[in-house]
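> If you want the building blocks of each chain, they are given just below.
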Amino acid sequence: MSRTETTKNGTIGLDVGTSRIVTARQIDNEIKYDTQLNAFVAIPYSKMTENVLRKEGVPHTVDGGEILVHGNESEKFADLLNKDTRRTMTRGVLNSDEPENVRLIREITQTLTGKAEKGQKIYFTVPAAPLGAEGDLTYHETTLRQILTDLGFEVRSVNEGLAVVYAELESSNYTGIGISCGGGLCNICFSYLSVPILSFSVPKAGDFIDASSASVTGERPNRIRIQKEQSFYINGHFENKLHQVLSVYYDDMIQTLVAELRNAFQSARNLPRLTRPIPLVLSGGTAMPKGFRDRFETVLRASNFPVELSEVRTAADPLTTTAKGALVAALSEM
Amino acid sequence: MIAKEPMGPLSIASRLPGWSRTSAIERRAQSFGDPIERLRYLRRANATGQRSSRRNWIACLALTMAVVSMRSDAINREPATRAIRVETVAQPVLETRNVWPVEQTSDHDLYSNGLRIENALQISNSPRSYHAIAQGSGTLGPVRTQPAGIVFHTTESHQTPFEPEQTSALKRIGQELLLYVRNQRAYHFVIDRFGRVHRIVAESDAANHAGPSVWADSKWIYLHLNESFLGVAFEGSTYSDEAAMTEAQLRSGKALVEILRAKYNLPAEDCVVHAQISVNPGNWRIGFHTDWGMGFPFREIGLTDNYQIPNPSIYLFGFQYDPVYLSATGPGLWKSLAEAEERVREAAGQHGMNPAEYRKVLQQRFRDRQSVVQPKNASEENQHESN
Numbered sequence: 000m001s002r003t004e005t006t007k008n009g010t011i012g013l014d015v016g017t018s019r020i021v022t023a024r025q026i027d028n029e030i031k032y033d034t035q036l037n038a039f040v041a042i043p044y045s046k047m048t049e050n051v052l053r054k055e056g057v058p059h060t061v062d063g064g065e066i067l068v069h070g071n072e073s074e075k076f077a078d079l080l081n082k083d084t085r086r087t088m089t090r091g092v093l094n095s096d097e098p099e100n101v102r103l104i105r106e107i108t109q110t111l112t113g114k115a116e117k118g119q120k121i122y123f124t125v126p127a128a129p130l131g132a133e134g135d136l137t138y139h140e141t142t143l144r145q146i147l148t149d150l151g152f153e154v155r156s157v158n159e160g161l162a163v164v165y166a167e168l169e170s171s172n173y174t175g176i177g178i179s180c181g182g183g184l185c186n187i188c189f190s191y192l193s194v195p196i197l198s199f200s201v202p203k204a205g206d207f208i209d210a211s212s213a214s215v216t217g218e219r220p221n222r223i224r225i226q227k228e229q230s231f232y233i234n235g236h237f238e239n240k241l242h243q244v245l246s247v248y249y250d251d252m253i254q255t256l257v258a259e260l261r262n263a264f265q266s267a268r269n270l271p272r273l274t275r276p277i278p279l280v281l282s283g284g285t286a287m288p289k290g291f292r293d294r295f296e297t298v299l300r301a302s303n304f305p306v307e308l309s310e311v312r313t314a315a316d317p318l319t320t321t322a323k324g325a326l327v328a329a330l331s332e333m
Numbered sequence: 000m001i002a003k004e005p006m007g008p009l010s011i012a013s014r015l016p017g018w019s020r021t022s023a024i025e026r027r028a029q030s031f032g033d034p035i036e037r038l039r040y041l042r043r044a045n046a047t048g049q050r051s052s053r054r055n056w057i058a059c060l061a062l063t064m065a066v067v068s069m070r071s072d073a074i075n076r077e078p079a080t081r082a083i084r085v086e087t088v089a090q091p092v093l094e095t096r097n098v099w100p101v102e103q104t105s106d107h108d109l110y111s112n113g114l115r116i117e118n119a120l121q122i123s124n125s126p127r128s129y130h131a132i133a134q135g136s137g138t139l140g141p142v143r144t145q146p147a148g149i150v151f152h153t154t155e156s157h158q159t160p161f162e163p164e165q166t167s168a169l170k171r172i173g174q175e176l177l178l179y180v181r182n183q184r185a186y187h188f189v190i191d192r193f194g195r196v197h198r199i200v201a202e203s204d205a206a207n208h209a210g211p212s213v214w215a216d217s218k219w220i221y222l223h224l225n226e227s228f229l230g231v232a233f234e235g236s237t238y239s240d241e242a243a244m245t246e247a248q249l250r251s252g253k254a255l256v257e258i259l260r261a262k263y264n265l266p267a268e269d270c271v272v273h274a275q276i277s278v279n280p281g282n283w284r285i286g287f288h289t290d291w292g293m294g295f296p297f298r299e300i301g302l303t304d305n306y307q308i309p310n311p312s313i314y315l316f317g318f319q320y321d322p323v324y325l326s327a328t329g330p331g332l333w334k335s336l337a338e339a340e341e342r343v344r345e346a347a348g349q350h351g352m353n354p355a356e357y358r359k360v361l362q363q364r365f366r367d368r369q370s371v372v373q374p375k376n377a378s379e380e381n382q383h384e385s386n
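For the record, the sequence lines run as chains A and B. Read in order, the letters of the first sequence are residues 0 to 333 in numbering that gives the first Met the number 0. Read in order, the letters of the second sequence are residues 0 to 386 in numbering that gives the first Met the number 0.
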């Protein structure tokens with residue numbers, strides 16, 4: 000997807016996810032999105048290769064004897080070279096095992112945002128800490144803030160689950176539960192009249208499904224992710240062995256998510272008294288397969304969840320929901 | 000509908016407006032067709048609710064204090080004492096212990112807490128003389144000759160495994176280091192890996208340990224801490240496989256800090272690490288030096304965890320940090336950076352500026368202050384001072 004023109008106020012909502020980085024901008028009363036894979040692949044350097052990449056407009060960085068192809072193109076090159084892409088993030092935060100993480104995340108982000116104009120604002124999403132592990136996210140958030148500040152933006156952060164609420168739950172006055180099921184984490188936020196009351200994350204999401212399925216089938220996680228997003232249907236009927244394995248690990252993830260959700264709400268102390276049922280909305284790439292919502296609702300119904308829900312639905316566009324929510328948060332502060 | 004189990008007696012979150020207002024807020028919010036306008040209204044309404052709650056709380060507190068005060072008039076008169084007690088509870092001050100010199104010779108000093116300081120390498124430098132700047136007013140304080148705090152360093156020198164077979168190598172490396180730092184007049188004290196404390200630059204003099212640097216406590220701002228702070232270095236390296244501090248160094252460091260705090264009445268908040276104070280005015284980045292950017296045992300050494308103090312060079316003078324600094328430091332410091340940045344954003348908002356514009360104002364303030372208090376040779380210090 001090509002970069003869109005800067006909006007009249009230039010404000011950007013940015014979702015920095017483990018799998019993808021997504022921007023949202025308002026242009027002529029419409030929200031436009033751009034997406035890049037948050038991944039890269041290293042290929043051996045040669046002058047000719049670099050010239051071809053430059054000529055074809057493939058985003059890349061030269062690093063000594065290697066060329067790092069990043070963003071959407073990395074997947075094609077990885078497939079071509081029969082290797083896995085490298086990731087700047089894991090489990091929702093910067094990947095400490097990847098020495099190039101800060102540099103590459105900056106490159107990929109800049110591909111989407113460009114350099115800031117004077118006073119241009121950007122709101123980026125940050126995950127919530129897993130329950131009982133508060134404080135682990137400071138490095139991640141601080142580093143992203145610094146990258147964006149260096150690009151010239153005025154930077155603010157917004158909780159990822161809350162961004163889902165801001166994107167999807169205006170009809171309930173931003174009261175309800177937003178869940179973003181991404182690559183590294185599932186982020187959950189319960190908001191009451193736009194105020195985040197309870198937010199946390201569950202460190203079991205798309206990457207867990209991909210890696211677990213890969214270990215069983217012998218496929219590369221990257222290929223599994225592509226098949227999962229393109230043709231998988233959670234309905235109990237399996238076209239092949241891979242779909243059967245994916246169903247098993249999807250079910251594991253959903254069971255964990257629902258259990259954590261129920262425990263968090265049961266043990267929370269400062270919840271407001273609710274006078275009517277509230278909506279729950281699912282978003283993120285991991286929530287995209289057909290049948291996910293149905294399976295999630297079935298498990299949730301069986302879990303004795305302590306809050307009355309008016310509906311469980313999937314966001315209009317699960318891949319761009321959090322970026323939209325970040326943009327909405329930014330626009331509401333102008 | 001999923002389940003109908005009652006939620007139980009849950010109290011409303013403190014961030015929410017009162018119950019009597021919520022239905023009115025919801026009704027009013029429904030009148031906004033534009034989702035952005037609706038969210039803007041709700042966030043403002045909730046913020047007003049918070050301020051209102053806070054005002055109510057303050058009013059209650061004022062009323063309670065008035066009642067207490069009236070009762071105090073009838074029973075006993077201690078309002079001032081009460082106020083001080085409250086402040087002490089909110090911000091605990093670590094008391095300095097009473098430590099005194101037991102024996103002082105040209106070779107060594109012995110203190111009542113058992114610490115022996117070796118004097119054989121002591122050397123003089125330019126006598127300490129500096130001004131601090133008053134917080135708030137920005138006025139220059141009187142000339143001072145007593146240190147205001149301590150900066151902790153690592154020597155970042157060559158290391159060898161801390162093992163019995165390496166004793167002679169450890170001694171040789173330590174001795175070479177001591178001669179080097181003495182030649183550089185780099186610190187006031189060096190604690191070698193066996194825990195021996197060596198006095199290098201006389202306490203009455205400045206040492207070349209801090210370079211361009213900034214620190215601030217609740218009352219004073221200090222620039223160029225070579226003059227105002229004592230430099231205490233632990234022989235060690237952040238970048239080796241060896242622990243940055245041995246058990247013996249920890250014990251001696253604790254005893255030395257006790258002595259220095261007792262002698263000069265140094266507040267715990269003014270005992271900090273080099274990574275917290277070092278700045279580079281050439282590029283407006285903090286952390287020209289990053290020693291003890293993580294892992295300094297503040298609590299074990301008898302201090303508060305000063306990593307949590309928001310970095311004054313950021314919120315007072317508009318310095319910034321970069322990913323290199325983050326990678327050289329740890330989570331304790333990262334929180335303080337985020338808080339310092341938040342202070343900048345808040346202050347910028349109060350001045351009707353964006354943070355970038357406000358930082359420029361702060362940076363000009365640094366130039367102005369620096370021109371008043373900068374030592375003559377300070378501009379070259381980053382090239383010359385030790386870790």
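One should not assume that every hint holds.
Far from chain A, by Cβ distances over 12 Å, these chain B residues were calculated [unchecked claim]:
hint : residue
1    : ARG27
2    : ARG37
3    : ALA44
4    : GLU268
5    : SER335
6    : GLU356
Within a straight-line C-alpha distance of at most 27 Å, the following computed DSSO-like cross-link-like pairs (lysine-lysine) qualify [unchecked claim]:
hint : chain 1 : residue 1 : chain 2 : residue 2
7    : A       : LYS120    : B       : LYS334
8    : B       : LYS170    : A       : LYS117
9    : A       : LYS289    : A       : LYS31
10   : A       : LYS120    : B       : LYS262
11   : A       : LYS114    : B       : LYS253
Treat the hints as calculated values from the structure; they're not laboratory data. Note that CB positions come from ideal geometry on N, CA and C, so glycine has one too.
> Would you mind marking each hint as holding or not holding in the structure?
Each hint tested on the structure:
no., hint, in the structure
1, ARG27, "10 Å, violated"
2, ARG37, "6 Å, violated"
3, ALA44, "8 Å, violated"
4, GLU268, "21 Å, holds"
5, SER335, "10 Å, violated"
6, GLU356, "9 Å, violated"
7, A/LYS120 <-> B/LYS334, "23 Å, holds"
8, B/LYS170 <-> A/LYS117, "57 Å, violated"
9, A/LYS289 <-> A/LYS31, "25 Å, holds"
10, A/LYS120 <-> B/LYS262, "51 Å, violated"
11, A/LYS114 <-> B/LYS253, "49 Å, violated"
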